[in-house]
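A.B. asks: Sequence:
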Amino acid sequence: MTQRSVDDKTSASTKPNIVLIMADDLGWSDLGCYGSEIRTPNLDKLAGKGVRFTQMYNSARCCPSRAALLTGLNPQQAGIGHMINDLGVPAYQGYLNDNCVTIAEVLKTAGYRTLMAGKWHVGGEQGNLPEGWHPDMLGYPSPKGRGFDRFYGILSGGGSYYNPNMLMDDTTRISIDTTDYHFTDAIADKATQFVDDAVHRDDPFFLYMAFTAPHWPLHAWPDDIEQYRGKHSQGWDETRMNRHETQRGLGVVDPSWKLSPRDSGVLPWDEAPDKEWRDLQMAVYSAQVEQVDRGIGQLMAKLEETGEADNTVVVFLADNGGCAEFLAEDSPAPDPSRYNYPTVDGRVVRTGNSPSIDPGPADTFASLDIAWANVNNTPFRLFKHYTHEGGISTPFIISWPDGVAEKGSIFNNPAHIIDINATLLDIAGANYPTTFKGKDIKPAEGESFAQVLSGNDWERDTPIAWEHEGNRAVRMGDWKLVSEIGDPADPESKAVWELYNIRDDRTELNDLINGERERATSMIKYYNEWAERCEVEDWENPGFSLRPKLGTITRHNHGGGPVIAARLGPRRELPTPE
Numbered sequence: 033m034t035q036r037s038v039d040d041k042t043s044a045s046t047k048p049n050i051v052l053i054m055a056d057d058l059g060w061s062d063l064g065c066y067g068s069e070i071r072t073p074n075l076d077k078l079a080g081k082g083v084r085f086t087q088m089y090n091s092a093r094c095c096p097s098r099a100a101l102l103t104g105l106n107p108q109q110a111g112i113g114h115m116i117n118d119l120g121v122p123a124y125q126g127y128l129n130d131n132c133v134t135i136a137e138v139l140k141t142a143g144y145r146t147l148m149a150g151k152w153h154v155g156g157e158q159g160n161l162p163e164g165w166h167p168d169m170l171g172y173p174s175p176k177g178r179g180f181d182r183f184y185g186i187l188s189g190g191g192s193y194y195n196p197n198m199l200m201d202d203t204t205r206i207s208i209d210t211t212d213y214h215f216t217d218a219i220a221d222k223a224t225q226f227v228d229d230a231v232h233r234d235d236p237f238f239l240y241m242a243f244t245a246p247h248w249p250l251h252a253w254p255d256d257i258e259q260y261r262g263k264h265s266q267g268w269d270e271t272r273m274n275r276h277e278t279q280r281g282l283g284v285v286d287p288s289w290k291l292s293p294r295d296s297g298v299l300p301w302d303e304a305p306d307k308e309w310r311d312l313q314m315a316v317y318s319a320q321v322e323q324v325d326r327g328i329g330q331l332m333a334k335l336e337e338t339g340e341a342d343n344t345v346v347v348f349l350a351d352n353g354g355c356a357e358f359l360a361e362d363s364p365a366p367d368p369s370r371y372n373y374p375t376v377d378g379r380v381v382r383t384g385n386s387p388s389i390d391p392g393p394a395d396t397f398a399s400l401d402i403a404w405a406n407v408n409n410t411p412f413r414l415f416k417h418y419t420h421e422g423g424i425s426t427p428f429i430i431s432w433p434d435g436v437a438e439k440g441s442i443f444n445n446p447a448h449i450i451d452i453n454a455t456l457l458d459i460a461g462a463n464y465p466t467t468f469k470g471k472d473i474k475p476a477e478g479e480s481f482a483q484v485l486s487g488n489d490w491e492r493d494t495p496i497a498w499e500h501e502g503n504r505a506v507r508m509g510d511w512k513l514v515s516e517i518g519d520p521a522d523p524e525s526k527a528v529w530e531l532y533n534i535r536d537d538r539t540e541l542n543d544l545i546n547g548e549r550e551r552a553t554s555m556i557k558y559y560n561e562w563a564e565r566c567e568v569e570d571w572e573n574p575g576f577s578l579r580p581k582l583g584t585i586t587r588h589n590h591g592g593g594p595v596i597a598a599r600l601g602p603r604r605e606l607p608t609p610e
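In terms of this note's numbering, the sequence shown is residues 33 to 610.
None of these hints come from the bench; they were simulated from the model.
These figures come from a predicted structure and were not determined experimentally.
Hints are not guaranteed to be accurate.
Result set (DSS-like, lysine-lysine): computed pairs, CA atoms no more than 27 Å apart in a straight line [to be verified]:
1. Lys77 <-> Lys222
2. Lys140 <-> Lys557
3. Lys469 <-> Lys140
4. Lys469 <-> Lys77
5. Lys222 <-> Lys334
6. Lys471 <-> Lys176
7. Lys557 <-> Lys474
8. Lys471 <-> Lys439
9. Lys334 <-> Lys81
10. Lys222 <-> Lys290
11. Lys81 <-> Lys222
12. Lys307 <-> Lys77
13. Lys222 <-> Lys140
14. Lys307 <-> Lys334
15. Lys263 <-> Lys222
16. Lys140 <-> Lys290
17. Lys474 <-> Lys176
18. Lys77 <-> Lys334
19. Lys439 <-> Lys334
20. Lys474 <-> Lys140
21. Lys469 <-> Lys176
22. Lys81 <-> Lys557
23. Lys334 <-> Lys176
24. Lys263 <-> Lys290
So the derived label-pair ranges between C-beta atoms look like this [stated by the list, open to error]:
25. Asp519 <-> Asp377: 20 to 30 Å
26. Lys263 <-> Lys290: 21 to 31 Å
27. Asp434 <-> Thr211: 38 to 48 Å
C-beta: ideal position from N, C-alpha, C; glycine also.
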């Protein structure tokens, strides 16, 4: 859409409503319209009325992606280069800083009513709020303090779906006292109520609907789980192959891209023990995904009922790739505050991925684990945390019946999560400020792709760069430079750059760095300049810590086993290839 056509639509008496939906830890292939066997009819319907992007990228993890989505800045520029822990430097302070503006704050200046239901996770360590807390308290910003008129959800990162920790209604902390509560359903219910109220006002509305599902723990209703029992008994190897074939038929992957090999941390299905229990893991996960889709359908039905569906832009994405995190029975992760309290009816919660514990009920706390996460990210390799394609690729749907010219189309050029912010502000006719509440605001980094909705081509003007936990990448045209951090427990282990032609090899199987030294050198130079500008830190020095208050940072070992400790070290210039 050209700027003129955007202005034409938004200068009318009614600006479009905007619904921004984010799923948590959803893999690139987990929707039906991206090749999954999981039922997602409502999202598939949105894809049929909108545009699917095949190369939309997030920022590899919960907090950084949310910070980037909300502000249109790289996560470090917004203050959330890692998670909500304060690592002792501004780019990693763990909460949104005062030199950024949220999309809600900007849209309010354009006349929008701003609503949020779900997961916040960009406001510091809010597991226990300090005495005297208020919505815009320094170090603990909340949705109500950063531009949202209404908020229902959790300030922290997750936990029990049946009894969420730090559950808030606007600024009031609330508790659950019934066993028929599930947070995914509650997000959908509240979002629908917010919209029902908003459509009776004169102003357009912006809704941010941030599900925690399908992030662990594996919690779903028994009837939903039962629908998937035995549906994955063929195992992860065959499921991956089936998804890849479906993706080829749908046109969301190039038929020439090879399916990446099974992850080295995964046994062949034929050799895997406890197959019935492993099928149950995926059954619960699938039920969680379908429950999200059902909630989206509930919201869409309300938009249809109120006559607002055609004039509403709906966007869907995930915060990172599928999650391979392993929860051991004796693991120090996750944070005990997420599960170390009884269920609503007083039962003790049993923690860990153990065949002796069937996931799903409120008294369990388990994760999906690496083998099925490898399926979630078909056809890519690696997972959440990493900057290889499996960690940063998200399904992305944008639907707007009044604004999409080629409904059901597929767009194949790369875009980044910060571009979503720029695009929605463009569509809304909202002006990104240079100052806000007396503070200088960093210039927006995102680039609007609104013209894609009119059927026009679009390419980013600048490369995309990432850093998360020392995993780094640069996407420049068809080329991608990427590295995985060395083992933080081994001082001799160092990151090694890899180089891929994504147009020919999106599954990153053919490293071309040895034959493309000049190109790699140029891309490394770009990364170093970007890292300097965004105050990115280097994680490769395990002997030096920038975290005097917190010590070490826990980094999940994607293959299970002990949790690895990593420390931030001083940023340094990365060596060019010899």
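A.B. asks: Evaluate each hint against the coordinates.
C.D. replies: How the hints compare with the structure:
For the hint linking Lys77 to Lys222, the alpha-carbon distance of about 22 Å falls within 27 Å, and the restraint holds. Only pairs whose Cα atoms come within 27 Å are accepted, and Lys140 paired with Lys557 is rejected, the gap being roughly 39 Å. Proposed proximity of Lys469 and Lys140 is supported: the alpha carbons are some 13 Å apart, at most 27 Å. For the suggested pair Lys469 and Lys77, the alpha carbons sit about 41 Å apart, so the restraint of at most 27 Å is broken.
The suggested pairing of Lys222 with Lys334 holds, with an alpha-carbon distance near 12 Å, which does not exceed 27 Å. This hinted pair checks out: Lys471 and Lys176 have alpha carbons roughly 19 Å apart, not beyond 27 Å. Pair hint Lys557 plus Lys474 holds up; C-alpha atoms about 23 Å apart against a cutoff of 27 Å. With a C-alpha separation of about 41 Å, the suggested pair Lys471 and Lys439 falls outside the 27 Å cut-off, and the hint is violated.
Between Lys334 and Lys81 the alpha-carbon distance is near 17 Å, which keeps this suggested pair within the 27 Å criterion. Distance restraint check for Lys222 and Lys290: the Cα-Cα separation of roughly 43 Å exceeds the 27 Å cut-off, and the hinted pair is therefore not satisfied. Taken as a hint, the Lys81 and Lys222 pair is honoured in the structure, with Cα atoms around 25 Å apart against an allowance of 27 Å. Between Lys307 and Lys77, the direct Cα distance comes to roughly 33 Å. Violation of the 27 Å bound is thereby established for this hinted pair.
Under the criterion of a C-alpha separation no larger than 27 Å, the hint pairing Lys222 with Lys140 is consistent with the structure, at around 20 Å. Restraint check for Lys307 and Lys334: the C-alpha separation of about 41 Å exceeds 27 Å, so the hint is violated. Simply put, Lys263 and Lys222 have alpha-carbon atoms about 32 Å apart, too far for the 27 Å limit, and the pair is violated. Under the criterion of a C-alpha separation no larger than 27 Å, the hint pairing Lys140 with Lys290 is inconsistent with the structure, at around 46 Å.
Using a Cα cut-off of 27 Å, the hinted pair Lys474 and Lys176 holds, with the two alpha carbons roughly 22 Å apart. About 15 Å separates the Cα atoms of Lys77 and Lys334, which keeps this hinted pair within 27 Å; it holds. Distance restraint check for Lys439 and Lys334: the Cα-Cα separation of roughly 22 Å lies within the 27 Å cut-off, and the hinted pair is therefore satisfied. Between Lys474 and Lys140 the CA atoms are separated by roughly 19 Å; this keeps the pair inside 27 Å, and the hint holds.
Annotation: proposed proximity of Lys469 to Lys176 holds, straight-line Cα distance about 15 Å (limit 27 Å). Restraint check: the Cα-Cα separation between Lys81 and Lys557 comes to about 41 Å, which exceeds 27 Å; the hinted pair is violated. Straight-line distance between C-alpha atoms of Lys334 and Lys176 comes to about 24 Å, which keeps the hinted pair within the 27 Å bound. For a cut-off of 27 Å, the pair hint linking Lys263 to Lys290 stands: about 25 Å separates their Cα positions.
Between Asp519 and Asp377 the Cβ separation comes to about 44 Å, which falls outside the hinted range of 20 to 30 Å. Taken as a hint, the range 21 to 31 Å holds for the pair Lys263 and Lys290, whose Cβ atoms sit roughly 26 Å apart. The hinted window of 38 to 48 Å between Asp434 and Thr211 holds, with their beta carbons roughly 43 Å apart.
In summary, the numbered hints that this structure violates are 2, 4, 8, 10, 12, 14, 15, 16, 22 and 25.
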